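There are 2 protein chains.
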Amino acid sequence: MGIKGNVISVFSLGGLNEIGKNMYVIEYGNDIIIIDCGNKFPDESLLGIDLIIPDFSYIIENKDRVRGLIVTHGHEDHIGGVPFFLKEVNVPVYATRFTLGLIELKLREHRFLRESELIEINSDSVVQIGEMNINFFKVNHSIPDCLGIVFNTPEGTIVHTGDFKFDWTPANNERPEIHKMAEFGNKGLLLLLSESTNAERTGYTPSEQMVGENLDQIFIRARRKVIVSTFASNVSRIQQVVNAAEKTERKIALLGRSMVNVVGVAMERGYLTIPNGMLIEAREINGLPPEMVTILCTGSQGESMAALSRLSTGNFRDVEILSEDTVIIAAGPIPGNERNVSSIVDNLYKLGAHVIYGSGSSSGIHVSGHGYQEDLRLMLTLMKPKYFIPIHGEYRMLHHHRMLAESVGVEKGHTFILRNGDVVDIENAIARSTRNIPSGNTYVDGVDIGKMEFVLRDRKQISEEGMLIIIIPMNKQEGKLLSEPEIISRGFVDQNFSELRKGMKQMTIETINELHEANRYSWNVIKKQLKRSVAQYVKEGTRKEPMIVPILMDI
Amino acid sequence: MGIKGNVISVFSLGGLNEIGKNMYVIEYGNDIIIIDCGNKFPDESLLGIDLIIPDFSYIIENKDRVRGLIVTHGHEDHIGGVPFFLKEVNVPVYATRFTLGLIELKLREHRFLRESELIEINSDSVVQIGEMNINFFKVNHSIPDCLGIVFNTPEGTIVHTGDFKFDWTPANNERPEIHKMAEFGNKGLLLLLSESTNAERTGYTPSEQMVGENLDQIFIRARRKVIVSTFASNVSRIQQVVNAAEKTERKIALLGRSMVNVVGVAMERGYLTIPNGMLIEAREINGLPPEMVTILCTGSQGESMAALSRLSTGNFRDVEILSEDTVIIAAGPIPGNERNVSSIVDNLYKLGAHVIYGSGSSSGIHVSGHGYQEDLRLMLTLMKPKYFIPIHGEYRMLHHHRMLAESVGVEKGHTFILRNGDVVDIENAIARSTRNIPSGNTYVDGVDIGKMEFVLRDRKQISEEGMLIIIIPMNKQEGKLLSEPEIISRGFVDQNFSELRKGMKQMTIETINELHEANRYSWNVIKKQLKRSVAQYVKEGTRKEPMIVPILMDI
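Line by line, the protein sequences are chains A and B. Just so you know, the first sequence maps onto residues 1 to 555 in full-length UniProt numbering. Just so you know, the second sequence maps onto residues 1 to 555 in full-length UniProt numbering.
Quick caveat, the hints were computed from the structure, so don't treat them as lab data. Keep in mind that the hints are not guaranteed to be accurate.
In silico lysine to any residue, SDA-like type, Cα no more than 25 Å apart, as pairs [said to hold, decoys possible]: (1) A:Lys386 <-> A:Gly29; (2) B:Lys350 <-> A:Glu411; (3) B:Lys539 <-> A:Asp448; (4) B:Lys531 <-> A:Ile548; (5) A:Lys460 <-> B:Asn340; (6) B:Lys528 <-> B:Glu499; (7) A:Lys187 <-> A:Val25; (8) B:Lys502 <-> A:Ile551; (9) B:Lys87 <-> A:Glu540; (10) B:Lys476 <-> A:Val549; (11) A:Lys476 <-> A:Val549; (12) B:Lys451 <-> A:Gln495; (13) B:Lys476 <-> B:Lys505; (14) B:Lys505 <-> A:Leu552; (15) A:Lys502 <-> A:Glu517; (16) A:Lys460 <-> B:Asp50; (17) A:Lys63 <-> A:Val423; (18) A:Lys412 <-> B:Arg223; (19) B:Lys460 <-> A:Gln495; (20) A:Lys531 <-> B:Asp448; (21) A:Lys87 <-> A:Gly68; (22) B:Lys350 <-> A:His400; (23) B:Lys106 <-> B:Asp43; (24) B:Lys106 <-> A:Glu540; (25) A:Lys502 <-> A:Gln461; (26) A:Lys350 <-> B:Ser439; (27) B:Lys451 <-> A:Phe497; (28) A:Lys350 <-> B:Asn436; (29) A:Lys412 <-> A:Ser433; (30) A:Lys505 <-> B:Ile548; (31) A:Lys528 <-> A:Glu486.
Note that the structure is predicted; figures quoted are calculated from it, not measured.
Isolated chain A, as found in the complex:
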């Protein structure tokens, strides 16, 4: 490939025009550094797909130059692709202690932990990679131990914010390192990459402290069990639940695999303090008076197999939600999950529980981990970048973030709204975007990893229209039917099918006879013609367009 020595190239392999699979790349001379490697969850149109990860092909092609992967924090959309990535390009992974704990859980599942080189850093670390000197600063978010990254290069300085908000009263007392940010900004910044998730929301993000105060009130009022569902990784939120439980003399049970795993990591590494004797097993719940019980569980996004969903339908071993229990869903629904969460709320009400939900400030039990417009303006103001790339968001969010940047002095034309794969090259302190490299979605389907175009196309057609298999007993040499064709359907109309089947058989027989008379009896011709004539016949009768699979039976 050969990039000139004094050009810095910056691009994304995931995270632009989408929420998820964040992966940003900085190239300088012979060195490539990756920032984050996340996954994304498929929407309903991606039938059967388990996960989406970035297209690594450019990185694999240039693997000799890749020096490391720096991870800003431990959310799935920033670490979910790591095992897949390391299996292809096994470079050192730099991350904070808590983030590494979550990455380790993942690598252990993939049986790739031993093969991996994990390097613990903190916000005071300095990492030297080639000519790049890398610093860090603490930011607040909805998971502990989050970093912003500062890349000092001979050509200028680049800052990547990670996911952040400014919280002056965070639950864990880890305040954002605003003095450091001010200092980096003051030295003059060539380029800022800043996250855009809440660029459409006015004002400042409320502090996590607000949630703590409301949780305390709810716990004091509750007369029976309190069940709290939140992201397992939101350790501050969990600490506040623990605190509220302690004040009201309740025990805590953890339900759901990721809750158990992540709380384990958080306790072990010192990010979460639970008083001795407070944790109980699920099966101990029924032995305690309900006013002594708190349950912390997964499933705040309405995931059908997670603990909260199973509790709401009475399908959790040993644990029941009963009338007058209090359920708190302390998380906002990610777009697309609203209906699943609502249906759980409905079921909880049917059980007679008090339900506290909703991401609005009215409910008071959730605040966003992403900065609103004034947080974003503050970051831009601190950093005073010459150039700006809004990252981590859908197009409308990037668009609003650009307007925010211009409102605090970033020059018009100095903001780049990119697509994944679009490269910004900076040479002699002038940034341009004129080229792009391959990017896109890679799907994980069971153990299969790839683009899956045909597989998905077939699944979509069959899922909406059904499938017809036409078995044709035929002498291939002569193109003559040996007996009646047979028709098998799956996922296709179930009423009046016998009538329709008769017609399809007739249509099949006629088509083959006509082709035989016209001396056109290669199997390819027959197959094509059959698909066309039967499809048309079926569509007229049923308004459906099933997949048609003719099968030659020639023995």
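Got chain A; can you put chain B on it based on the hints?
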């Protein structure tokens, strides 16, 4: 069946624990009256299904006693099932002039208009059916000509509110008939059925007037084309767009079939006034200066085939959205549609348009047509019912509506939260709910109408896991393979398939040979055993569980 003379029975065949397919039934002696007959749109789990309508089986069984269908207003979730219903139970349909216009459009599409008996009523009409004397009152909603219904029976009075809000300054000046409501309430109400859509929202619904004022401001500021997307049936909203266009000397083009159809009905029947010469054709747009153009289009819910979606991707003949055009999405996204709407907003920003969207009061271009908590409390206070059934909503909405009822004096235990099919029987002014009748979802899939259980189960499995067809050339008498089996896949893994196929063939051959040796070679046994052994082999290798279809090739 035989219901005793002095019992009133009330139940729902759709609309409880769901938003959609509203259908309520009142039985008194020998008379059955239906209120509304709506449809519901399928979520993504209902693969390939076009529509959901209520299960009519109870009504069909008792069709001799059905006297009529009264329709409160013309929204799809209240009229969408009408053609399907009338084809089964052809009774007179009572509705207002505008509602009938929309029902006629539907019946014409279904070629059932001539067969139908449509009876126009207004809020002053009196309908006598058996011993029931039926009155009406005007309510506000997001479509013209909406009714609440009053059933006067010798046993007492029942009110069904229809969908409503209280708007003292509606755009069409048709104020709610609050004096009538007060009068009915004052005479003493046995039972109120009131809609619950916004029972979770505090305060009063804002007035439609607010939208008009904001639209005017946006039109005045716009320097190029203004494109407004809203529900075609929201005639008041459309009138306000027309008014804003008139004030700013713009022409109006209508895009989208339902926009053209419904605006046609509204103009023809006097619900919408568009000045002469103001309406233009889509192909005339390009001949006008952009500041003289307004476009009214369908697609506010992000529907992929509707006008707004096609405009946003540059796929609309003769019409383009260009930089500096203004696009107003004057409708809130129905839960489940958020992502599709967001993706259109993204595309519009990419075209350089100014986009005004969002259902919050902050955007000011949409207000709900459903009453908030104080509207609901006002209705309950006016009506002073002895018994109350919250209708039209998910469980959590019904639950909150019950709490509102109790807060304004409905006695505890006098509110019935029902499921579809649960019957409330009222005898000697005492209401009880102890029985239920069949209800549920009926699916429309092309021309097929039914429960579709197997079809949907098959579609779901194939859509997520794919399908394997195993063709087995076998002598059925002897249970012996004649040659190698063949395997065809659809929607299944595409990588390393040849390796996998080899293994599956081997597995098939072994299975059949083993069964042959064990003298167990009926085709049913072979089929069952093959499905099991191949499924297990495939799952181990791929983590997928495709549908497996063994086909015997025995000639």
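Each hint, compared with the structure:
no.	hint	verdict
1	A:Lys386 <-> A:Gly29	21 Å, holds
2	B:Lys350 <-> A:Glu411	20 Å, holds
3	B:Lys539 <-> A:Asp448	12 Å, holds
4	B:Lys531 <-> A:Ile548	22 Å, holds
5	A:Lys460 <-> B:Asn340	18 Å, holds
6	B:Lys528 <-> B:Glu499	24 Å, holds
7	A:Lys187 <-> A:Val25	23 Å, holds
8	B:Lys502 <-> A:Ile551	20 Å, holds
9	B:Lys87 <-> A:Glu540	21 Å, holds
10	B:Lys476 <-> A:Val549	24 Å, holds
11	A:Lys476 <-> A:Val549	17 Å, holds
12	B:Lys451 <-> A:Gln495	10 Å, holds
13	B:Lys476 <-> B:Lys505	19 Å, holds
14	B:Lys505 <-> A:Leu552	18 Å, holds
15	A:Lys502 <-> A:Glu517	23 Å, holds
16	A:Lys460 <-> B:Asp50	15 Å, holds
17	A:Lys63 <-> A:Val423	18 Å, holds
18	A:Lys412 <-> B:Arg223	22 Å, holds
19	B:Lys460 <-> A:Gln495	19 Å, holds
20	A:Lys531 <-> B:Asp448	22 Å, holds
21	A:Lys87 <-> A:Gly68	14 Å, holds
22	B:Lys350 <-> A:His400	12 Å, holds
23	B:Lys106 <-> B:Asp43	23 Å, holds
24	B:Lys106 <-> A:Glu540	21 Å, holds
25	A:Lys502 <-> A:Gln461	24 Å, holds
26	A:Lys350 <-> B:Ser439	20 Å, holds
27	B:Lys451 <-> A:Phe497	15 Å, holds
28	A:Lys350 <-> B:Asn436	18 Å, holds
29	A:Lys412 <-> A:Ser433	15 Å, holds
30	A:Lys505 <-> B:Ile548	23 Å, holds
31	A:Lys528 <-> A:Glu486	18 Å, holds
The earlier numbered hints are all upheld by this structure, with none contradicted.
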